[in-house]
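*Asks:* Chains A and B, in that order, give the protein sequences. Going by my numbering, the first residue of the first sequence is number 68, and it counts up by one from there. Going by my numbering, the first residue of the second sequence is number 68, and it counts up by one from there.
Since the hints were derived computationally from the structure, they do not count as laboratory data. A portion of the hints provided could be inaccurate.
Since the list can't tell identical chains apart, any single copy or any two copies may satisfy a pair.
What the hints assert, rightly or not - Once the Cα atoms are required to be at most 30 Å apart in a straight line, the calculated DSSO-like pairs of lysine-lysine come out as: (1) Lys348 x Lys290; (2) Lys135 x Lys113; (3) Lys142 x Lys290; (4) Lys142 x Lys258; (5) Lys290 x Lys376; (6) Lys125 x Lys163.
Number of protein chains: 2
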Amino acid sequence: MSPTLTLSIDAMGGDHGPSVVIPGLALAAAEMGPGVRFLVHGDEAKIAPELARHTALKALVEIRHTEKFVAMDEKPAQAMRRGKGSSVWNAVEAVKTGEAVAAVSAGNTGALMAISMLILRLAADINRPALTASWPTAGGITTVLDVGANVESDAEQLVEFAIMGAAFHHALHGGGRPTVGLLNVGSEEQKGHEEVREAHALLRATDFEFDYHGFVEGDDIAKGTVNVVVTDGFTGNILLKTAEGVVRFIANELRGALKSSPLNMMGALLATSGLKSLRTKLDPGAVNGAPLLGLNGIVIKSHGSADAKSYAAAVVVAADLARSDFLAQIDRSVKRLTAVLAQPTPAQAESV
Amino acid sequence: MSPTLTLSIDAMGGDHGPSVVIPGLALAAAEMGPGVRFLVHGDEAKIAPELARHTALKALVEIRHTEKFVAMDEKPAQAMRRGKGSSVWNAVEAVKTGEAVAAVSAGNTGALMAISMLILRLAADINRPALTASWPTAGGITTVLDVGANVESDAEQLVEFAIMGAAFHHALHGGGRPTVGLLNVGSEEQKGHEEVREAHALLRATDFEFDYHGFVEGDDIAKGTVNVVVTDGFTGNILLKTAEGVVRFIANELRGALKSSPLNMMGALLATSGLKSLRTKLDPGAVNGAPLLGLNGIVIKSHGSADAKSYAAAVVVAADLARSDFLAQIDRSVKRLTAVLAQPTPAQAESV
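When you get a sec, could you build the whole thing from the sequences and use the hints?
*Replies:* Given below as structure tokens:
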């Protein structure tokens, strides 16, 4: 049997706090089986009553009481200044001290990122962190990053995203070497701006632990052309939200179309079992549990609005990553990138 | 009665050439009523037999024979060098000479743009052209630009896109002053990279012929929060293709879900009339007829794969724009932008 995993949980983050987090942990514990325990950070007066309803979970939980918490609308800078001792701070701190192998929070993304960067620091040779989306596609789940940790990214950072995204995808979904594509406005070599063309050349030239497919276009995401789609945080954030909006719009229009005649309404009633959960299945924002990539440690962000089942999914992601080679793989690949970047370019080499 | 409009038509562009273009013109002519005629450029041997089937149209058409045409896969540089005398070249040339008020082509976008820039030139004070998408949203049609004429855009160019997009939207959809939003990763003032923040400040400070709403996010597109969404051509191209891919994926999944049980299949059959054309209605790429914005003249790009009905829609867009104040409005607004940019900034003014 593998050794017991300890996960560090921010019970106060998210729209619902312990009333979702605790039932979520119960579901996750049931799914993962023995070998997992939880440090649960937050207000004991609110956690204990929830825990009382989940007797099987109770034995796996150690409550770390704090009354302090970071609000969902708190600015990152404010959270960094005032967050010490809060449930999210303590949850991340437990990863730093080695008490836990991963932290999970449904708190606000900006504050979680700022506090995690401050406590865990960026991993060696990583320039910027990244956020992923697990995007439902024709090929299963495609990992898309960065979806908003950055507003601009140079070539080296795009390559780092490729490395981190591939390691995450492989840790979570297994399979052979993941395939990675770089998002661009066309698939020809000369397309796009300087950053993507430079990143393309670096990815082509270097042997990482994934297969670089080349440029992909926007419609390749839903096709599932590659396992991992890399883009800058500005484009990634906008396209994720655009797609979420489109899915919501279609779901609404569909409801309207199906209700537009008595015959259609009857058809819709009959088709309900097939349509149910279609939105959840197709929404690029619906798959829960996104790592903050690039840190010295594993921190998983859950949606703030997650229900218990969805929160449980984020907890399982934390455990899966903690059991994987994920951080070590990133470290190996980034070292290789650093070595490649340190080599003289062909032009420089000639002039020597 | 308004004077006769002459539209210049590239009959050889697109996947189907005259076999779609001529029936498309017949549909457009029927929809628009009297007062429109067509200069049709292309191979008379292919155009005449099609025209023979549309007697009402025949009287409105003057064939301008040429055997030369630009292939769908021809590179823009090649098309510029070798395109003289081709059907698309001659179609655009007729706008330059004043024989026609607008040109329509279903030929390849890059070649059409290159040839149009060469013949018509950019309008005074416009730095870059732009391409639009007419995006179906909860609020009707939202105009999104640039969707691929550029790979990078500075603040001034983003403001030009706002001006051109608003003029186009107003010419086509009427109503009061259109509302314009600038796509960003958040709605707060300090969000995003330098170019969007600078464009935001320019749009806030200047009185154009539209209402500037401020920053919008990706999900605001499908919500129809504003009439016109402005972004750089890299982001715009990728998000349009991403959304098209998502719509296609959902349509496929929906088909699958509805067929997944006999009961669902029955439901789907009953619901067919409601679902029919849902994809066409929702696909951001499905509304046909996109202007090449920024030129001294009106050139409309039709989808290469358009059928006759869809091609007719592009022809109607050409006529609507030609009858509007569109080019003059762009000219007025760009002059205002130029004046604002020529003023000393507050910092410069203080140092005088």
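*Asks:* Going through the earlier hints one by one, which of them does the structure break, listed in rising order?
*Replies:* As far as the earlier hints go, not one is violated by this structure.
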